[in-house]
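J.: We have chain B; now place chain Z onto it with these hints.
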Amino acid sequence: MLRAFSTAATGMSAQEMRVNVIANNLANINTNGFKRSQIDFHDLIYVQEKSPGSESGAGTAAPTGLEVGNGVRPASTLKVFSQGELEKTSNPTDLMIEGEGFFKVQDAIGQDRYTRDGSFRIDADGSLVTSSGYRLQPSITIPADYKQITIGRDGRVSVTAGPNGDLQVVGQITLTRFQNPSGLASVGENLFSETPASGTAMDVAPTEAGAGTILQGWLERSNVQMVTELVNLIMAQRAYEINSRAIKAGDEMLNTANRLIQ
Amino acid sequence: MDMIVERTSAQLEGMEQQFRTTTHNLANVSTTGYKRHLTTFANALAQQMGTTSRGGAGGSPIASTQIDFSQGPIRRTENPLDVAVRGDGFFVLDTPDGPRYTRDGSFRVSATGQLATSDGQLVAGENGPIVIPAWVATSQVTISQDGRVSAEGLPLGQLRLVDFEDRTALVPLGAGRFVAPEDVKPLNASGEIHQGHVEDSNVRAVDEMVNLVVLSRTYGMGMKSARMQDERVRSLLQVAMS
Chain B
1 MLRAFSTAAT GMSAQEMRVN VIANNLANIN TNGFKRSQID FHDLIYVQEK SPGSESGAGT
61 AAPTGLEVGN GVRPASTLKV FSQGELEKTS NPTDLMIEGE GFFKVQDAIG QDRYTRDGSF
121 RIDADGSLVT SSGYRLQPSI TIPADYKQIT IGRDGRVSVT AGPNGDLQVV GQITLTRFQN
181 PSGLASVGEN LFSETPASGT AMDVAPTEAG AGTILQGWLE RSNVQMVTEL VNLIMAQRAY
241 EINSRAIKAG DEMLNTANRL IQ
Chain Z
263 MDMIVERTSA QLEGMEQQFR TTTHNLANVS TTGYKRHLTT FANALAQQMG TTSRGGAGGS
323 PIASTQIDFS QGPIRRTENP LDVAVRGDGF FVLDTPDGPR YTRDGSFRVS ATGQLATSDG
383 QLVAGENGPI VIPAWVATSQ VTISQDGRVS AEGLPLGQLR LVDFEDRTAL VPLGAGRFVA
443 PEDVKPLNAS GEIHQGHVED SNVRAVDEMV NLVVLSRTYG MGMKSARMQD ERVRSLLQVA
503 MS
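As they're listed, the protein sequences go chains B and Z.
Here the first sequence is numbered in the numbering used here, starting from 1 and rising by one per residue.
Here the second sequence is numbered in the numbering used here, starting from 263 and rising by one per residue.
Extracted from the complex, chain Z is given alone in its bound form:
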């Protein structure tokens, strides 16, 4: 009996978790470079036994979040410093706290002429930050598919693009940025860079809305089953007390 109650309440809790993830995705439907979050459930007992079989008779589901790193749609902008990655790879930002990885390539020129994000974090090149000389107009900057930045034929640097063997190790920090644990080393990435484009959020509103409907219905069912169990306990108590 206890186990049934425990399981139902864990399921409800899991659904609330899923609901929070869905609303977060929906809030970020127009965030450049945003990657959709997923809530997944694993059977606790199966996990304890070290198997992934779904045949386990008991155990509460354990919620965890994963990030769906699939490609978002690429949208054309008019800004020559907007870059999008098609395929694998993250841009690297050199922040005071260490390297950060992002798919949001809406870059700017800082007041000192370096390629930076909208909040001033420097974009890493293969040989240090990319500096755009003062005489170069931003419309003269060209960025090739392999990330070479040049202006009027003068090479200015090469954008650094990295990937990870195990992307699940990346931790989201907000602002479209991820941090990698120290033991996870970045590898070279194979993605193509497209100048004058940005990668939109990979949240698909329809999918998330379907999620919402399913969640709200199954939540109702879960609540109903919790109520039935409550009634059963109550009638048992009545029998025992009489």
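This is chain B alone, in the form it adopts within the complex:
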């Protein structure tokens, strides 16, 4: 009986974890390039109190055994890399990837990080940087006297600059792909880092090998859908509740047993 209490408790803590994941998704509903997470559960190992086929009497074998389950555990969280919603900003340095690639940026300590958030700015040196100031890799420098920036679907960056307004190509944006994007680690600030599970980063040109194309003047919003998350939240809440009811029912049963001895 006491084991049943801890079984129900595993159910409650699993649902608690699910609520945490949903809350983080909802909190990031307006975060550019955010990818929602979903949590997967696994049932816990079983205790075999009687194995199937064991002898149950003179010459007969029980066709089924007695296996007692111990509840549930959160197995993994999966980041779903589906395309987020598009938003037109008309800002020439806002970029969106239509496809599976990532922008590569270098963080403060010089490590490569990957992001889907393409809201780039031009810093004091003329480089394209993220809103946290991390430089896009390979770095692209925009001349100080630029008039217009054009970024093609293939990632070619050209500007009109100089006294005559000549069109010149100043760089090429490359994208990075991973065999298993869901295996990337989130490091905050809309950035991901490579892990053994994600596979090694593959630098590819936009429009090639599923990397996707670049859209200028658009941003990718979060792929969190409010209705889905709220429905999940209700389901998690109800599941939490029924597990707590199981504990209550067990408590009542124990209480009856206690009253046996007067």
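Be aware that one or more of the hints could be misleading.
[What the hints assert, rightly or not] Residues from chain Z shown here face chain B by an in silico Cβ test under 10 angstroms; the list is partial: (1) ALA289; (2) ASN389; (3) GLY390; (4) ALA437; (5) LYS486.
Keep in mind that the hints were calculated from the coordinates and are not lab data.
The beta-carbon is built from N, C-alpha and C at its ideal position, and this holds for glycine as well.
T.: Relative to the frame of chain B, chain Z by itself:
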């Protein structure tokens, strides 16, 4: 007299067993591919006599667990590597300890490009593991209803789907996986595979809650009857001692 006491206590024990199974089901109400467990009782005496008649006058109930392999609801996800089986069949995982069978088809690509579970166990294809080349984006992978995996028209393999004549022989290992005894051979399965979907747990919360209420009431009744027997023995003793 002894027999009555023995029977009541066995019944109470059986109910505790049932309660544990119910809480386990409830804990797994949102576990992908989970199959509900049932506690069934057989009359020990009837079993000993090799009959299944319920007319046996005595004998304690013996509890055993069974798994209800009925179809769980199929839910749409956005992941192209999530697959659900509608109908009969289990996916096969090639683990270091031998084949494991599961209905949980929430698969991933491993770092080496193979189709695998979230903890890295390889998913078996008809001709070895299914490898997704590095140039293929997961959104380009298509899996047909008969389990053929392809990307941009290039065939990558075929998911292996098996079933068993006697599913009661399967032993649950947790994590939604089952192992089959050596003498039980897998057969080809007829289920349909649906890409971008997963099969939810087949636990129905309402049924389990009803179970809980019934259990808690009958448990109370069982306890009451145990107490009455105790009183009877006590009064008998009083008569005998006086």
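J.: For every hint, state whether the structure bears it out.
T.: Verification of the supplied hints:
At about 3 angstroms, the closest approach between the beta carbon of Z/ALA289 and any beta carbon in chain B falls short of 10 angstroms, and the interface hint on this residue holds. Hint status for Z/ASN389: violated, given a least beta-carbon distance of 21 angstroms to chain B, over 10 angstroms. For Z/GLY390, the suggested interface contact is broken, since its CB lies about 18 angstroms from the closest CB of chain B, more than 10 angstroms. The beta carbon of Z/ALA437 comes within 4 angstroms of a beta carbon in chain B, closer than 10 angstroms, and the hint placing it at the interface holds.
Hint on Z/LYS486 holds. Least Cβ distance to chain B is approximately 8 angstroms, under the 10 angstroms limit.
Going through the hint list in order, the structure does not satisfy hints 2 and 3.
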